[in-house]
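Asker: Residues per chain are reported as follows:
2 protein chains.
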Amino acid sequence: MQAEPQAFDRVLSSMCTEPHPAARKAAERFLATNPGDPGTYPTISALEDDAVSLLGEITELPEPAGYVASGGTEANIQAVRIARERADSRRPNVVMPESGHFSFQKAADILGVELRIVPTDDDHRADLEAINSSVDDETAMIVGVAGTTEYGRVDPIPALGEIAKDVGALFHVDAAWGGFVLPFTDYEWTFADAPIDTMTIDPHKVGQAAVPAGGLLARSSELLDELAVDTPYLESTSQATLSGTRSGAGVASAAAAMETLWPTGYREEYHRSQRNAAWLAEALEKRGYEVVDPTLPLVAARLPRSTFDALRAKGWRISRTATGELRVVCMPHVTREMLASFVADLDRLEVRASVPVVSDD
Amino acid sequence: MQAEPQAFDRVLSSMCTEPHPAARKAAERFLATNPGDPGTYPTISALEDDAVSLLGEITELPEPAGYVASGGTEANIQAVRIARERADSRRPNVVMPESGHFSFQKAADILGVELRIVPTDDDHRADLEAINSSVDDETAMIVGVAGTTEYGRVDPIPALGEIAKDVGALFHVDAAWGGFVLPFTDYEWTFADAPIDTMTIDPHKVGQAAVPAGGLLARSSELLDELAVDTPYLESTSQATLSGTRSGAGVASAAAAMETLWPTGYREEYHRSQRNAAWLAEALEKRGYEVVDPTLPLVAARLPRSTFDALRAKGWRISRTATGELRVVCMPHVTREMLASFVADLDRLEVRASVPVVSDD
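Heads up: the sequence lines are chains A and B, in that order. Numbering follows the numbering used here, in which position 278 of the first sequence is assigned residue number 938; successive positions increment by one, without gaps. Numbering follows the numbering used here, in which position 119 of the second sequence is assigned residue number 779; successive positions increment by one, without gaps.
Check before you lean on any hint, since a few could be wrong.
[To be verified] Not the full set, but computed from the structure, chain A residues with beta-carbon under 8 Å of chain B:
| id | residue |
| --- | --- |
| 1 | Pro665 |
| 2 | Phe690 |
| 3 | Gly732 |
| 4 | Ser749 |
| 5 | Asp826 |
| 6 | Thr845 |
| 7 | Pro892 |
[As the list claims (entries may be wrong)] Ranges of calculated distance between the beta carbons of each label pair, as one might list FRET restraints:
| id | chain 1 | residue 1 | chain 2 | residue 2 | range |
| --- | --- | --- | --- | --- | --- |
| 8 | A | Glu745 | B | Asp669 | 50 to 56 Å |
| 9 | A | Ala706 | B | Glu723 | 42 to 48 Å |
| 10 | B | Asp796 | A | Glu745 | 34 to 40 Å |
Bear in mind the hints are in silico, worked out from the structure with no lab data behind them. Here a beta-carbon is modelled for each residue, glycine too, at the ideal position from N, C-alpha and C.
Excised from the complex, chain A in its bound form:
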């Protein structure tokens, strides 16, 4: 029970990060509160309003409806749930590029909707033609991803929104990871850029809040009302969240992180991470590995499986894409020094692999 949480100095695979000091402090102060019971815990409930309002600023939605969810999975499930409730069809479908997060598979399974997974284009982005030929009258929602999990790609959000509008479906954008870097890029991804109905954007990823602090936003409170369930014994009257009791730590730290970092801190962080990603991509390319261009701070590269395993054995927390590429997420805790040390380990492995080994100690 006295085990130490491992340090972050070798974590390259996570979309979570060390909370910002202000976020950690807020989390610790509000550890014993429950925003799921606003009648009993009004202060944290007010902080949640602040957090949602800041998320609205970031995503260009002046009067946001939404809440701080347990994470992107909950937010995505809830978005699909809204679409299902809105659908006329008894067997509604959700159309998503194959780059969409596996939480939509979970959502489809739980909610009993059909998930239509559509191949992406050569750059791992939603293929508009393929999406267009997958939608039909039963389509309740189209999903666009703004910052994919595997390659950090941004789908053509406005064009996807148009397809959704044409077919009478809701349009959901999953910016769980990308939402805190995209404001500093030229991508079109916000509520102002496209007819987006709901969005996932997680403060506990690049937003540097403490887990659990996902975010669900909706263009109107009517959309959120689709989720409401009566709460007989609480002084509030209904609840739109998936959980009942919720973490005040997550909510308070989300509000504190965004208050502290939006926009200047996040902007600086984005530029630093993006430079790191470019540096790593170049370092890997130089060594002859095939690298997927890091258009956002996420690098994928094809390494031999044995090399990957050897790096993991050295303590590096790395993960792979579905097709087996190394995947390094340049989160706020990932420094140039870490990446240099990672590449140095890689170089040592390659030397060992190419030189006959006499002694192995």
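Given the coordinates of chain A, work out where chain B should sit on it, guided by the hints.
Answerer: Here is chain B on its own, set in the frame of chain A:
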């Protein structure tokens, strides 16, 4: 943003409480970890195994399957989901006494199962005859409550289990709140007492862990496997939880609280809370209010609405049952002094109500 979280000295309505110091310390240490990604965060993942194992001890299940959920709502949703996956029927139903938590309404809505809510007996417990006449071939699950939200009642768990067995349904016990007091009572409620398939038991309630730390237990890992979804980009291969990223703080604090308090600390806490509940019940009865006998540390009493509102105006965080009774949960943070102060405020209100008021300042 500098708002203070309110103190707990007037919180009588919550089923959450101040985390035990050991739980708080563990939560703060593991704030930046994610048990939803065990390949990256192995230490917290091992702590989760410890937590599940301790929950198994408490509920008399030697080889427990399960996980630390975001709360009782998630655990209940997941239990219903297991039952739905196991059901032969296309339109399965869940049969539950009306004392069941509203999260089952949420579960039914999300999962598309029919929820059959059955009236309770005169003591607010599941009515076996009524349950029996509500089940049929399409019944996928019967829910029993071990410590109801409104009155702290324990359903006849073994008898409900027999009904479930007879009809071929799974049997779920919701001990979200009761699970950490029941081991010290004579009630039959554990996996050893009855053919229970799944159970909800929340460390973040009477278990004194930090939110979010609910608990889902299953008699076998095969039951849990019904929830598994593939996780393409994580080093683990599948995920049975409803959330993806999860709070290491909740998991670590659950393990720490149970390590510290099970069984001695919880036993002492139960006796103290139960004495407090009995004291409050007697104090209210003496003053002429109708009181529901607190068989567990939860007191319900019929107060005039105006009195209830006046107490809330004085800062007391209290809530009501569906029929409007005052509801006080004697959680670990609730002391005799708090209750005495509450009763003194009640007395002052009653004096004011019965004496003509000349000046109101």
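Asker: Now tell me if each hint is right for this structure.
Answerer: Status of the hints after comparison with the structure:
1. Pro665: OK, holds: proline 665 of chain A within 8 Å of chain B, min 5 Å.
2. Phe690: At 5 Å from the nearest chain B Cβ, phenylalanine 690 of chain A passes the 8 Å test, so the hint holds.
3. Gly732: Hint holds; glycine 732 of chain A Cβ to chain B Cβ min 6 Å, cut 8 Å.
4. Ser749: This interface hint is violated because 13 Å lies over the 8 Å limit.
5. Asp826: Since chain B brings no Cβ nearer than about 28 Å to aspartate 826 of chain A, farther than 8 Å, the hint is violated.
6. Thr845: Given a least distance of 22 Å, the restraint on threonine 845 of chain A is violated.
7. Pro892: Interface hint status for proline 892 of chain A: holds (4 Å vs cutoff 8 Å).
8. A/Glu745 / B/Asp669: 50 to 56 Å: violated (41 Å)
9. A/Ala706 / B/Glu723: 42 to 48 Å: holds (45 Å)
10. B/Asp796 / A/Glu745: 34 to 40 Å: Because 27 Å falls outside the window, the suggested range is violated.
Consistency with the previously given hints fails for numbers 4, 5, 6, 8, 10, ordered from lowest to highest.
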